[in-house]
Amino acid sequence: MNIFIYPSNSLILYDLVERFGHKPLAVMQEIRKKVTTAGIDSPPLNITPEDPKHGLKYAAVEVPAGVRGRMSLFDQLIGDAEAAILVEDAPIGFGCMGCQRTSELIGFLIRAKRVPILELNYPTSDDEARNFVYQISEFLNKLQGGET
Amino acid sequence: MNEIEVAQISCGSEYTGVQGEIESAAEQVGAKIIFPDIDLDEVEEAEAKFGLKVTSPDLKLMLARAISVVEGHTTADAVFIGTCFRCAEGALVRNEIRRYIHEKSGLPVISYSYTERTTAETLLTRMEALTTVAKRRSLLAREVQTGLTAGIDSGSTTTKAVVMKDDEILGFGWVGTTDVQKSAENALSKALSESGIERDAIQSIGVTGYGRFLLGESFNADLVQEEITVNSKGAVYLADRQKGVATVIDVGGMDNKAISVQDGIPGIFTMGGICAGASGRFLEMTAKRLGVDITELGKLALAGDASKISMNSYCIVFGIQSLVNSLSKGARHEDVAAAACYSVAEQVFEQQLQEVEVKEPIIMVGGTSLIEGLPHAMHELLQAEVIVPPYSQLIGAVGSALLASGFIEE
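Protein chains in written order, with our numbering: chain A, 1 to 148; chain B, 149 to 558.
Derived by calculation from the structure, the hints in this document are not laboratory data. We put the CB at the ideal spot given by N, CA and C, even for glycine. Treat the hints with care, as some may be off.
Stated by the list, open to error - Covered stretches of chain B (chain A as the covering partner; in silico rule of three or more C-beta atoms under 8 Å from a C-beta of chain A): (1) 153-165; (2) 180-192; (3) 260-268.
The following block holds chain B by itself, in its conformation from the complex (with noise of 0.2 Å):
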């Protein structure tokens, strides 16, 4: 396939100093960024056709081009969004262009609000999650496993591999992170161990997460891949939602992921990074703190009542102090735990899923969807069928095995 050509609409990026860095994180996924030629008359028309009325003229652009793009004007393989982080207005308008796109075009779309600390290494996995839907839906259409294959997923927190054979789960292995290399190694021995199956026998190899890159070329991988992609398949595989609609949450160690999925393929995501009291640090800061398991902490919650404590921030150091207050005043157990699951909740909720088409079923992943409070309190905030697949911890390596599948016949 030729090189995929990403449109690009955007305010302040080169005035942020960062236009460089997005272009660069394109051409590592093998894509090339555009603009949308458009005149000045169409630029002056565009609020009117758009809807929606802007004070900046850089806004009024970006809605230009978003029509140009629409209306077939400018040919484009999938559309990246980006404004300035803390632009009120740009945040409307960043918004309402991911879903005039991702409704009118059926084009893949990403946004993201960059400051001049935005690199190209932050933009990489969401380039590389946008490249992946336009250039490998053939890929993307699998829905079985079949023959012997493997996945790993190198996690920030945990790494963790799976064996399937045809369509089943054999084995797997989940380790803590350390030595991202020597972590594989040994969830993937497990795994093999677990499935009685020899390494040589394996047909196939899929990785995903932050260590991917550094796998891939030590295992000699098929498929690379960012956990975007890989999460989505995994997540409606387990579920067994793979037609349809489905909204894909997944707390991680280090970031947190929400997913609009449709048949499988990811449409609009977001992907949350800059507060630690929205992820499974959190939680696990908070088990230590009550002196229990992490895998503990979820039945404990479900025994508590949030609403008995008081959190006065987001913020990791001070929501921890906040339950440490509570604890000095007598608080329950189960009360703080569940306090902390509704504040990771309520997090993603106002942080992350304002940002994607939320619509039912809601998946949970990854290892933090076994903390049961955490589903429970994403329920309680969207009222709305939340699942948890069987092994939605593995939803990584379980998303890339399957995958990787699709290599044995290629």
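Extracted from the complex, chain A is given alone in its bound form (with noise of 0.2 Å):
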């Protein structure tokens, strides 16, 4: 199953998704697909002024425009997602979304969506983390299509 995964660019979080038999969706995929489409030269994402206007579908005008030009990376991932980790209060270097309003529009796109979603804190000691791994373990042997 697709699983969208918060942060979206949690290297641990890819990392388990996919030891347990499902695709996890990051933003780092999109953000490749921009940086290898040729004839664009919008340095440094190759995001151009027209991809805040593709934001419009989730947020207003009136909404800073580097939310909406984050949001157009996200429209596939949120299109995608059949299932959704997302962990809360975890330090930048786990996973660092950039713009806190970005972040909530996303969770609450998710949560919206009426897929299994599994909501975790960040660990803070070793018992806890062993519990956290053991969860989103869980969580996606459940999911039809992981690895059991």
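Join these two chains into a complex; the hints should help.
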């Protein structure tokens, strides 16, 4: 299944989802598509002023252009998500969405999809870390198509 | 001098799609954008060190980058701060970082809030002013006009020219801007004629304003300079406040400038240009509706009471509608004129002066400073000393002629 992860550039979450036989949906994939698109020269991410306009699908013009530009990147990921793992209060090194307003909107949109969601707080001790991985493995194993 | 390095401290420019525009504007004025390198630890420590807690990680990164510049871990000649337009948290961080950089590093700094529609052209004047302050301090230190020089200010509404000799204005020309080139020729001819000087005798020419690049080529100008720098110099020169602090406010036909000045050199400045309701154009339309010449509007306003008029909108269209409604209810023309002046002053105060450090004296310049009701309204709002220097309407031309004299000696 397609598993949306939050923070969406978390390599640890990405790896865990892959290990349990699912397909992680991460923002790196969308950025890769952008930067490898031939013919567009808008460094560093090849996001052009047209992209924030695509973000109008999710947020009106009174919302900052940076939020809408980010939302244009997440459009495909939100659309493809069949389940999600959301980790709150994670340190920046675990994964970073950059803009808190974008994070709030993405969290809402994923929850509104009514797909299976596992919401966790970032672990702060060894025991919590073990339990953190255990909960993720349980969640992923119960999903259709995961490895058991 | 080597290429000017401008440290960019920003959030969202790459996702807004305008990073290329920022870099293009810098490149056009001989500058290069650099990004302060930061370790993850520094980002996590930045909030506590700076004393401002924010939720967005990219804003934490901004704080860390600002600290890096101030502490000297990043070497830069100037700083550009940017966040997305309409982001409240971003605006708070942008303003506090600008103050922090200005106070702690002394580096020239500008800030901007962008949308996806921001272009290099929009940023060019600001970036030009930023790099000028960084690389031309010796020129900006000039306090006396020497030799025989001319200055031309090609504004959006009017074109002004002056001829100066040995620290005195010999003559000036002030014409409405139609064709940029013809208007400049016309204004300069008038200035030369009034001075009794032949054009060939002019030793150096400086140009500023929107048409400066075109005029720079056609007049073979020695100085082609944006209005922020030129107006700052011109204002403190004409007001005889060349030493110390001052705040220069120029309500123009197309945009407004508010500049915090130290010893004649611009520090923090803002350029507004989003709403015509805060421009000289609004006062022009008001004068037209009241059936008076624009030169009479100021005196009319001084005899009025702005508080008697209800202004429901800052928009130029709805603002005029409010004035028309008041007139239809029998309001006095004097009160309407005063309300119009107060409305413009209030908008400049609310939208721009919050972003600069307002320090006395306030020097109002540009054609609108001659509309007496406007400096009066600004004085009422700020409760501060407001100076309108002689020849305030010629500020850009005088500043250009003053700075151009630096090229005679060079």
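These are the hints, each one checked on the structure:
| no. | hint | verdict |
| --- | --- | --- |
| 1 | 153-165 | holds (count 7) |
| 2 | 180-192 | holds (count 3) |
| 3 | 260-268 | holds (count 4) |
Violated hints for the displayed structure: none, as all numbered hints are satisfied.
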